[in-house]
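**Q** Below, each chain spelled out in residue letters.
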Amino acid sequence: MALAEVKDRDDWSGANARSLLYPVLWLCLATGFAASLLTGPAGFGAMTGLSALVMDNGGPETVIMREIRLPRAILGALVGGSLGLAGAAMQGLLRNPLAEPGLIGVSASAALGAVIALHTGVAAIYALALPLSALAGAAIAVGLLILLAGPRGSSLVLILAGIAISALAAALTSLVLNLSPNPFAASEIVFWMMGSLADRSWEHVALALPLMAIGWVFLFLTARGLDALTLGEDAAEAMGIRMIRVRGLVVAGAAASVGAATAVAGAIGFVGLVVPHILRPFTGGAPSRLLPASTIGGAAMVLLADTAVQLILPDRDLKLGVLTAIIGAPVFLHLIYRTRRAGL
Amino acid sequence: MRLLALENLCVRRGNRIVVDGVSLEVSGGEVVGLIGPNGAGKTTLMRAAQGLVAYSGTSSLADLSARDRARSAAWLPQTRDIAWPISVATLVALGRTPYLAGGRKLSAADRAAIDTAIDRMDLRALAQRTATELSGGEQARALIARVLAQETPLLLADEPVSGLDPAHQIATMRVFAGLAADGRGVLVSLHDLGLAARHCTRLALMHRGRIVADGAPREVLSDARMRDVFGVGGHWSEGPDGPAFHVVEGIPA
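For the protein sequence lines, the chains are V and F, in the order given.
Under my numbering, think of the first position of the first sequence as 1, with each following residue one higher.
Under my numbering, think of the first position of the second sequence as 1, with each following residue one higher.
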């Protein structure tokens, strides 16, 4: 048996679709990044913008490109990548294509933290109080999750604990809204929760990047374990995979990256659910190959969506999270329909 | 060479004792059939032997580190669980997991092991197919190939042949016999007593958590044990290709 033939067989079916996957994904990401950089309310052309970005022309264009659009685009890529990666890892861990990163309660708890910061007014005093408070919320959620599910808890217990934490965080968020002193405070909270990348600065990037980097490292470390988990927890354990470690890495990684994403951009739904789902057929189904693809895909999706919100209703401040949900939910319904038709 | 040694192994589930003081050894060159009625504790015994459930007593396997254990024994669970639409070749390649720590890619030796396993389970034609779209029996063969690719001295298999067609049942048992001929050991739980009698070098009969008989198939499958443990009769006959054992409905007096 020639080695070349073995190598071919080691790859998955649909080799053509697969070899095109990464070029297409990188192209989408590059397009999204460029579109995000070149879109905005300041009316100057693409060439002016790009030259102002590269060379300081002393005018407002350079400030806009370097201090507003570039951090926004980078943050969009980071947030999208985090959501896509965490979604793929969570689906792999729970062995369920309907899992999403918010399932462990991190998004809802981060939102609660942010809402408390808005409600108490500290967010108005100190710009980073809001994301920091959101991160604290995410951290508390993970602590609670580990306390509830235990280090040896099964995936089912993990899901149930996550649902309970999400429900509690949502209830407390409603309470804060309920008690908000005036309609303006309430609307500020509601708008924040819709998720947006508008008016973000390098400070937000600096805050989110280290946490996301840690989270990404954790999540990518689980690749081999998630692959083995395809055959069930028992088989994976018997293949030398320590499930406690895999579970811990996914929970901690998702919490760090999605917690940071929610802290700086609010709740952006459906990216972590839909992106892995769309890309799975093109990666041959194995979770390890889905992780990098989902990262790039998530980043591209958020960047393109963020460009779209600025183009569709430039004057009305359409929120990013609203758009991803409006696009994501029907896409997801279609995917469910297709899955059902395939008889799975 | 002794590959597995269990001593006074006990597993409790709530108040119930599922495995009750089992001592068992499996050596290289043996295909040990673990037989017994439903609920006798066969699956739990094999899981406890690898430390996959909490147990008391000693097991030579469960004492090892996770990676050493995975290189010493491969485990084929009864549930045919394939979560994602991966190809058969990819599925079989998962058997190399214990050797791929630290992000190492498949080596030539890994590929050779995968290749041999695919050939042994007659999966050449299915290698590129998506595993989740195969029939139950084909999936079972792919999963057996996965444990073969793990190339461990010991193989523990829980009901590997249920759902296979007769030709592949016999082929699978022959694969196990081939492993034993290479000096490896197999512990396999079986419900088909005819298959067990014919293809196992030794049978261990479990009943209510205990091993009540351990020895050559002829000795273990006696009339009295068939009656007491299974509630059916058994009959040995000379078949065209050697001694054969049949289960018979009537209980001999």
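Derived from the structure by calculation, the hints contain no laboratory data.
A hint or two may mislead.
[Unchecked claim] Simulated crosslink set (SDA-like; lysine to any residue; CA at most 20 Å straight-line):
#1 K105(F) / F220(V)
#2 K105(F) / P292(V)
#3 K105(F) / A223(V)
#4 K105(F) / S19(V)
**Q** Determine for every hint whether it applies to the structure shown.
**A** How the hints compare with the structure:
no. : hint              : result
1   : K105(F) / F220(V) : 15 Å, holds
2   : K105(F) / P292(V) : 16 Å, holds
3   : K105(F) / A223(V) : 13 Å, holds
4   : K105(F) / S19(V)  : 19 Å, holds
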